[in-house]
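Trainee: Residues per chain, in single letters:
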Amino acid sequence: MLRLVVLTKPVPDPASGAERLRPDGRLDRAASPAVVNGNDEYALEAALKLTEAQGGEVTVLAMAPSNATETLRKALAMGAQRGVLVSDPKLEGADAPTTMRVLAAAIKTLEFDLVLAGVDTSDGGMGVVPAGIAVLAGLPYLSWAASIEPDSAAGTVRIRRPSATGFDVLEAKMPALISGTQALGAPRYPSLKGIMAARSKEVRTLSLADLGLGEAVPAEWTTRLVAAVPPPARAATQVVRGSAAEGAKAIVEMLSSRGLLR
Amino acid sequence: MSGTILVVGETVDGQLTKLSTEVATLARTLAEANGLAVAGLVAAPKGSSAGEDLARFTGGDVGVVSAEGPAALDGAVAERKAEYVFLGATPDGRDAAGRLSAALGIGVLTNAVAVAWEDGGPVVEMSVFGGKLVTRSAFTGKSGIVTVRANAVAAEPAAKPGRVTESTATASDAKVRVVDRIEEAAAAASIEDAAIIVAGGRGVGGAEGFKLVDELAEALGGAVGATRAAVDAGWINYSQQIGQTGKIVKPRLYLALGISGAIQHKVGMQTAETIIAVNRDPDAPIAEYADLVVIGDLFEVIPALIAELKARAG
Chain S
1 MLRLVVLTKP VPDPASGAER LRPDGRLDRA ASPAVVNGND EYALEAALKL
51 TEAQGGEVTV LAMAPSNATE TLRKALAMGA QRGVLVSDPK LEGADAPTTM
101 RVLAAAIKTL EFDLVLAGVD TSDGGMGVVP AGIAVLAGLP YLSWAASIEP
151 DSAAGTVRIR RPSATGFDVL EAKMPALISG TQALGAPRYP SLKGIMAARS
201 KEVRTLSLAD LGLGEAVPAE WTTRLVAAVP PPARAATQVV RGSAAEGAKA
251 IVEMLSSRGL LR
Chain Z
263 MSGTILVVGE TVDGQLTKLS TEVATLARTL AEANGLAVAG LVAAPKGSSA
313 GEDLARFTGG DVGVVSAEGP AALDGAVAER KAEYVFLGAT PDGRDAAGRL
363 SAALGIGVLT NAVAVAWEDG GPVVEMSVFG GKLVTRSAFT GKSGIVTVRA
413 NAVAAEPAAK PGRVTESTAT ASDAKVRVVD RIEEAAAAAS IEDAAIIVAG
463 GRGVGGAEGF KLVDELAEAL GGAVGATRAA VDAGWINYSQ QIGQTGKIVK
513 PRLYLALGIS GAIQHKVGMQ TAETIIAVNR DPDAPIAEYA DLVVIGDLFE
563 VIPALIAELK ARAG
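Heads up: the protein sequence lines correspond to chains S and Z, in order. Taking our numbering, the leading residue of the first sequence gets 1, the next gets one more, and so forth. Taking our numbering, the leading residue of the second sequence gets 263, the next gets one more, and so forth.
All the pointers check out, no bait thrown in.
With a straight-line Cα cutoff of 30 Å, these simulated DSS-like cross-link-like pairs (lysine-lysine) come out:
#1 Z:K437 <-> S:K108
#2 Z:K404 <-> S:K90
#3 S:K249 <-> Z:K473
#4 Z:K394 <-> Z:K509
#5 Z:K509 <-> S:K49
#6 Z:K437 <-> S:K173
#7 S:K173 <-> Z:K308
#8 Z:K394 <-> S:K90
#9 S:K249 <-> Z:K572
#10 Z:K280 <-> Z:K422
#11 Z:K343 <-> Z:K308
#12 Z:K437 <-> S:K49
Covered by chain Z, per the in silico footprint, the following chain S stretches (three or more residues, Cβ under 8 Å):
#13 11-19
#14 117-127
#15 138-144
#16 222-229
#17 255-262
Calculated directly from the structure, the hints in this document are not laboratory data. Computed from a prediction, not measured in an experiment: that's the story for all the values here. Every residue, glycine too, gets a C-beta built ideally from N, C-alpha and C.
Start from the sequences and build out the full structure, keeping to the hints where you can.
Mentor: Rendered as structure tokens:
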């Protein structure tokens with residue numbers, strides 16, 4: 001029986017195209033609807049498939065504002081058994097080291113064989129949090145998994161990690177932390193039954209005090225936003241319609257004028 | 263001297279990556295202008311020649327630690343006690359950045375497209391929300407870890423190469439074991455390093471169509487990329503996927519063939535310097551942000567383009 005924890009971060013829906021910061025430089029959560037981070041959904045799908053095949057339970061864990069329970073319900077509707085939400089007003093605007101520290105502390109309160117997460121999130125896209133959690137929680141870290149194969153009898157887990165020429169097979173003892181990608185397989189859509197069942201599933205909320213994390217992280221560990229500006233505007237698009245030869249000529253001219261030809 | 267920038271060089275098949283030479287160039291330029299020292303580190307078995315290459319770009323001393331695995335690298339970085347650690351923004355680079363931030367208790371800023379030096383420390387420019395916003399961030403303390411995107415600067419060797427010293431690792435990684443390395447195909451050119459990317463989408467129609475994409479990439483000296491639809495269809499490997507759940511790239515040239523350019527793909531490539539698209543559909547979203555859109559059949563336009571390029575190359 002596998003005990004799996006999946007990190008499922010609520011992020012502004014990238015498909016909305018409406019993500020923005022507030023004047024104070026923090027994420028404007030009112031600007032776009034929250035969804036479960038795409039890469040985390042692949043990890044969740046892998047976790048659900050593993051427990052369906054080998055037996056076990058999936059707990060989803062997130063650090064987010066208190067209204068994120070609604071986003072976690074979607075993960076529960078996909079089939080996870082319960083949710084844990086770490087929420088505290090002091091965590092507003094938390095950066096990567098704070099996130100690592102809080103999630104590592106939250107993980108230590110749970111019993112598990114594996115923690116799964118997406119390799120990165122679509123909002124900040126830093127991709128450093130899973131590795132940091134593994135260090136702080138003292139877990140082996142296997143990253144960029146394209147497949148996950150736990151062997152409960154041996155107490156080990158193997159993953160495939162894409163390399164430049166194929167893939168590496170990596171092995172670690174459980175408990176371990178694994179980050180995964182889209183290669184784990186498309187996430188399922190919640191069924192109507194799943195959505196109904198999710199309403200009554202437990203979502204436990206933990207504060208920083210519950211985790212014994214009173215003080216903020218030391219200043220040496222943090223970063224600060226200096227400025228946020230829109231990206232430089234792109235030049236107007238040149239549109240070419242005509243024969244293939246005319247199209248090819250227009251491309252060569254642009255490449256040549258911009259020094260892009262060998 | 264008010265500190266050191268340590269550049270961690272990355273190798274593929276024993277060769278120093280192009281991105282590592284760019285990171286070293288960036289670190290050296292910042293160090294020279296701001297009175298810091300620059301040093302390098304390569305942690306790889308048979309890493310001597312990569313170390314020599316890195317020293318040509320750092321101009322500062324480079325240590326080669328003959329070992330493999332995260333613990334060897336982390337241990338060597340910790341021993342060097344540098345104020346700032348610069349790495350490439352690759353899968354291995356970001357893993358190392360996360361581990362080091364947690365282990366050393368210093369801040370981390372990732373995916374730099376530019377780095378300035380203000381008030382005695384680096385200010386890192388990053389593209390967030392899939393390119394919709396550019397942020398500039400700094401470390402609160404006097405130390406930190408920075409990962410740098412490919413093509414943020416052009417690599418340029420130092421006036422004089424640095425010294426290379428070799429040592430053995432003091433830490434080893436018993437937690438993760440490499441059981442097997444499976445070779446499936448010849449290594450595709452890395453899209454993260456590439457200055458030129460030729461990418462194919464649904465419009466390429468199949469693995470057969472990707473041969474034309476390969477051919478154009480070869481003619482231009484670029485790497486081959488793809489959309490999620492092309493990867494899901496099995497026409498090309500996931501390692502070449504660009505976009506929200508694939509890689510984020512910033513090449514000098516992005517040539518998009520049969521790619522509509524919806525938001526999920528756009529977030530992976532919209533910071534490319536020049537974007538050229540070939541598409542049948544004049545209303546494809548990519549037409550809104552490309553520099554040049556050729557409306558037409560890629561199976562006619564690309565052979566004509568390859569012929570034209572070959573004629574010019576003479």
